[in-house]
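Take a look at the letters that make up each chain.
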Amino acid sequence: MKTFTHVKDLGDLNAALREALEVKKNRFACKASGANKTVALVFFNSSLRTRLSSQKAAMNLGMNSMVLDVNQGAWRLETERGVVMDGDKTEHLLEAIPVMGAYCDIIGVRSFARFENKADDYGEKILNQFIQYSGRPVFSMESATVHPLQAFADLITIEEFKTKPRPKVVLTWAPHPKALPQAVPNSFADFMNEACVDFVITHPEGYELDPQFVRGAKVEYDQKKAFEGADFIYAKNWSAFRDDVYGQVLSKDMHWTVDAGKMSLTDSAFFMHCLPVRRNMIVTDDVIESPKSIVIPEAANREIACQVVLKRMLESLQ
Amino acid sequence: MKTFTHVKDLGDLNAALREALEVKKNRFACKASGANKTVALVFFNSSLRTRLSSQKAAMNLGMNSMVLDVNQGAWRLETERGVVMDGDKTEHLLEAIPVMGAYCDIIGVRSFARFENKADDYGEKILNQFIQYSGRPVFSMESATVHPLQAFADLITIEEFKTKPRPKVVLTWAPHPKALPQAVPNSFADFMNEACVDFVITHPEGYELDPQFVRGAKVEYDQKKAFEGADFIYAKNWSAFRDDVYGQVLSKDMHWTVDAGKMSLTDSAFFMHCLPVRRNMIVTDDVIESPKSIVIPEAANREIACQVVLKRMLESLQ
Amino acid sequence: MKTFTHVKDLGDLNAALREALEVKKNRFACKASGANKTVALVFFNSSLRTRLSSQKAAMNLGMNSMVLDVNQGAWRLETERGVVMDGDKTEHLLEAIPVMGAYCDIIGVRSFARFENKADDYGEKILNQFIQYSGRPVFSMESATVHPLQAFADLITIEEFKTKPRPKVVLTWAPHPKALPQAVPNSFADFMNEACVDFVITHPEGYELDPQFVRGAKVEYDQKKAFEGADFIYAKNWSAFRDDVYGQVLSKDMHWTVDAGKMSLTDSAFFMHCLPVRRNMIVTDDVIESPKSIVIPEAANREIACQVVLKRMLESLQ
Chain L
1 MKTFTHVKDL GDLNAALREA LEVKKNRFAC KASGANKTVA LVFFNSSLRT RLSSQKAAMN
61 LGMNSMVLDV NQGAWRLETE RGVVMDGDKT EHLLEAIPVM GAYCDIIGVR SFARFENKAD
121 DYGEKILNQF IQYSGRPVFS MESATVHPLQ AFADLITIEE FKTKPRPKVV LTWAPHPKAL
181 PQAVPNSFAD FMNEACVDFV ITHPEGYELD PQFVRGAKVE YDQKKAFEGA DFIYAKNWSA
241 FRDDVYGQVL SKDMHWTVDA GKMSLTDSAF FMHCLPVRRN MIVTDDVIES PKSIVIPEAA
301 NREIACQVVL KRMLESLQ
Chain A
1 MKTFTHVKDL GDLNAALREA LEVKKNRFAC KASGANKTVA LVFFNSSLRT RLSSQKAAMN
61 LGMNSMVLDV NQGAWRLETE RGVVMDGDKT EHLLEAIPVM GAYCDIIGVR SFARFENKAD
121 DYGEKILNQF IQYSGRPVFS MESATVHPLQ AFADLITIEE FKTKPRPKVV LTWAPHPKAL
181 PQAVPNSFAD FMNEACVDFV ITHPEGYELD PQFVRGAKVE YDQKKAFEGA DFIYAKNWSA
241 FRDDVYGQVL SKDMHWTVDA GKMSLTDSAF FMHCLPVRRN MIVTDDVIES PKSIVIPEAA
301 NREIACQVVL KRMLESLQ
Chain C
1 MKTFTHVKDL GDLNAALREA LEVKKNRFAC KASGANKTVA LVFFNSSLRT RLSSQKAAMN
61 LGMNSMVLDV NQGAWRLETE RGVVMDGDKT EHLLEAIPVM GAYCDIIGVR SFARFENKAD
121 DYGEKILNQF IQYSGRPVFS MESATVHPLQ AFADLITIEE FKTKPRPKVV LTWAPHPKAL
181 PQAVPNSFAD FMNEACVDFV ITHPEGYELD PQFVRGAKVE YDQKKAFEGA DFIYAKNWSA
241 FRDDVYGQVL SKDMHWTVDA GKMSLTDSAF FMHCLPVRRN MIVTDDVIES PKSIVIPEAA
301 NREIACQVVL KRMLESLQ
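Chains as they are written, first to last, in the numbering used here: chain L, 1 to 318; chain A, 1 to 318; chain C, 1 to 318.
The reader is advised that the hints may include incorrect statements.
Where chains are identical, the list cannot tell them apart; a pair therefore holds if satisfied intra-copy or between any two copies.
In silico BS3-like cross-links for lysine-lysine, where the CA-CA straight-line distance does not exceed 27 Å [what the hints assert, rightly or not]:
hint, residue 1, residue 2
1, 89, 292
2, 89, 252
3, 8, 118
4, 37, 24
5, 37, 25
6, 225, 162
7, 2, 24
8, 2, 25
Hint data in this document are derived by calculation from the structure and do not stem from the laboratory.
The structure displayed is predicted, hence computed values, not measured ones.
I would like the entire structure built from these sequences, with the hints used as guidance.
Pasting the structure below:
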């Protein structure tokens, strides 16, 4: 595997799922495979789960990991070509990226959507420069438009908890005080559309996601109707995708908060969220603390998802 | 060992001391015991000694360590229950803690007293949430009211330097420009009260410490009298504990600074401090640079104290 | 090797070069030599290359590394003696240094020139305290006046790319928006003066470097004349060294920017820069992106330079 940004990079999704469950059974089985190999984890943005789970996954494989926080302790990076660099950016990505590539074997990159320019965000400008110039396998640790490690972990979690061969999975928008990227819902849709699930997306009008990720998924504007008979409720806020309102908060409607009343409409569904979650905005305390909340095992699977990706990238180095 | 917060967690203190000296003689003897085990070091506050010595102790045992600075590069954490999280805190401790627990085997937590609410501080609200929700053995790397790794290192140091079976150990308050927590003097008292020493505490009136830590220790308000015949002078500033003045600086009286004149009252005592130390506030340059100053070997023993704790926690995992 | 600050610390430079090329051929050959050894990488200033390449070099040797960012997550350090520490600095270097030394076997220090006091900078006040008080081998990861890891990597790079037994190497000043230290040109001159090269320095009048580093090198104020017949162009900005203008920017003359026209005066020279580089100030996009630009292999050799230094320091521990 040379890049990991979309579900298609995993190839046969059932094979990837089986590999993940195998890895989880014995996470130290391939500890020799990472000997003398180093992964650089490059963060342009904050991280808790990704930071820890990626380091842990690398350790499980016997790899070294180096964490680089670009905005803390490293130089500020220029990302535009042709600029006279007489301002506060000391280094250009065009140098920084191959330099990072020189000291490691695999690179993970976190670089959130900036909402300054939709074309830049949806062109995955930063991530693609890493893919193009680092000379190394590159995986997204949430980039402008995708968070495939999260979606892969979500899929593993659904596989583990499902009680039907083809569960109903509902991705629901929920309110949040700030404008959030679409990376998580994009990748969740990307994965669910290829998985053995009935996939429904529900959100207020105006919050339509990018069709390249939504594809054939059913979109239902009535949240309660969407919840009926659901086996998994996956809550997430995102900002608007449409050109004229890109990156904007169109609604903070607390009627969309996931609460016990809505959960009672489901077929005793599990509650999922990628975390971090704003309690009592996205979801009420009682729902996230209920026995059906699987946000912690879901987060724990981030380690497994990352380990499969690193394992496959290590294999591709040989 | 499932938690390390107080002297009682060590059980037989002499056995713990013997184990520490054994570890110190050959710190790599148990290098196999930490294989595939990871300690997460979670810092809500600054750290030099604890940060480095804990990583070093983990390495000595063949463990991996992951450092997480909560206020740098990770999400800001909400600690109150029931809050509508519409502000600047992106994640709740109630999610963050079990998530951290999911990626590691043991957790160390640094979370200083905040002086906003005495009940919260003395209830060790943050630390206890880690103990309750992480599902992992947890040790304090200085929490609101205790710093047991420091006190254990202090005890090891006294054991190494003492020239009498039962030395006189004096904990003395000293001036400082800012309000400091009581964690260090609390734990020092906690340990000294169980150790084979004559323990005396001296401080200006109003600086009385929590009786649960002071216990039967002698409190002497006349610093010079306290110093007479002392074998170890342990200097430290702390703010007021009493309810009506909790967390306040009641005095910056430079007459309490430890200087050569006062040291001459002792039985050629060793000078100790947990560091970081404000020179010429807590202690004069000449005393801290004198041959009787053992602040550096004391700091070096932080590695040993932490290694014993990690070693015992590793044993408890099996 | 007990310190690494100047070219003379390497002893026989040809032997050091041979060792570097040997290390590069098989960087994991000495992986057993670093077992149970730890290097502390102490950063008072930002770093990308040094941070990653030093960690990577340590890993190659089987060593542990601990990164400490002094201004993030650790205590702010007082560097002056005799101060009453009643301000915002919580710890004195005189304690912090031996404490760091206590937890590791080797120390790397990054501490840039501060331009507050030339005598302090050129006295290498911070670095020398580490050498004096840490009790450990110490190497500069760019200190106030030297950057020997960079210069050693530069020399290795020249050795690899040269097509003549004695190439002409030109160090040229180039414009930059801010005042930069002289550490890189100082060490480059220090190394080139001992290497098998014809060494020329070119800069505007007023930018003369410290004679202890310039030594017998030819100084040519006409940049174009200097470039004639050059095999390597090494561009770098620095601020003034002269007492009356120390640390000042005397010129931002963009006529000194390295561009294709000037490169055409050379004998098809390679372009070098230590990075980070300000594009279109120091060098134009087309030159740094040309096939003759070797800034990335140059940066990659930072790992090799550091590995030789760590390897020799490890040998000195035995």
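Within, between, both or neither, where residue 2 and residue 24 count as close if Cα-Cα is 27 Å or less: both (23 Å within a copy, 25 Å between copies)
Given identical chains, is residue 89 near residue 252, meaning Cα to Cα at most 27 Å, within a copy, between copies, both, or neither? Close across copies (17 Å), not inside one copy (36 Å); limit 27 Å.
Can you tell me if residue 2 and residue 25 fall within 27 Å by alpha carbon in one copy, between copies, both or neither? both (25 Å within a copy, 25 Å between copies)
Given a CA cutoff of 27 Å, do residue 37 and residue 25 count as a within-copy pair, a between-copy pair, both, or neither? For residue 37 and residue 25, the Cα distance is within 27 Å both inside one copy (23 Å) and across copies (16 Å).
For the identical chains here, do residue 8 and residue 118 meet the 27 Å Cα criterion within one copy, between copies, both, or neither? within (23 Å within a copy, 54 Å between copies)
Given a CA cutoff of 27 Å, do residue 89 and residue 292 count as a within-copy pair, a between-copy pair, both, or neither? between (47 Å within a copy, 25 Å between copies)
At most 27 Å between C-alpha atoms: does residue 37 with residue 24 qualify within a copy, between copies, both, or neither? both (21 Å within a copy, 15 Å between copies)
Taking 27 Å as the upper bound on the Cα-Cα distance, should residue 225 and residue 162 be classified as within, between, both, or neither? Within. Shortest intra-copy distance 21 Å satisfies the 27 Å Cα cut-off; inter-copy 72 Å does not.
Consistency note: the structure conflicts with none of the earlier hints.
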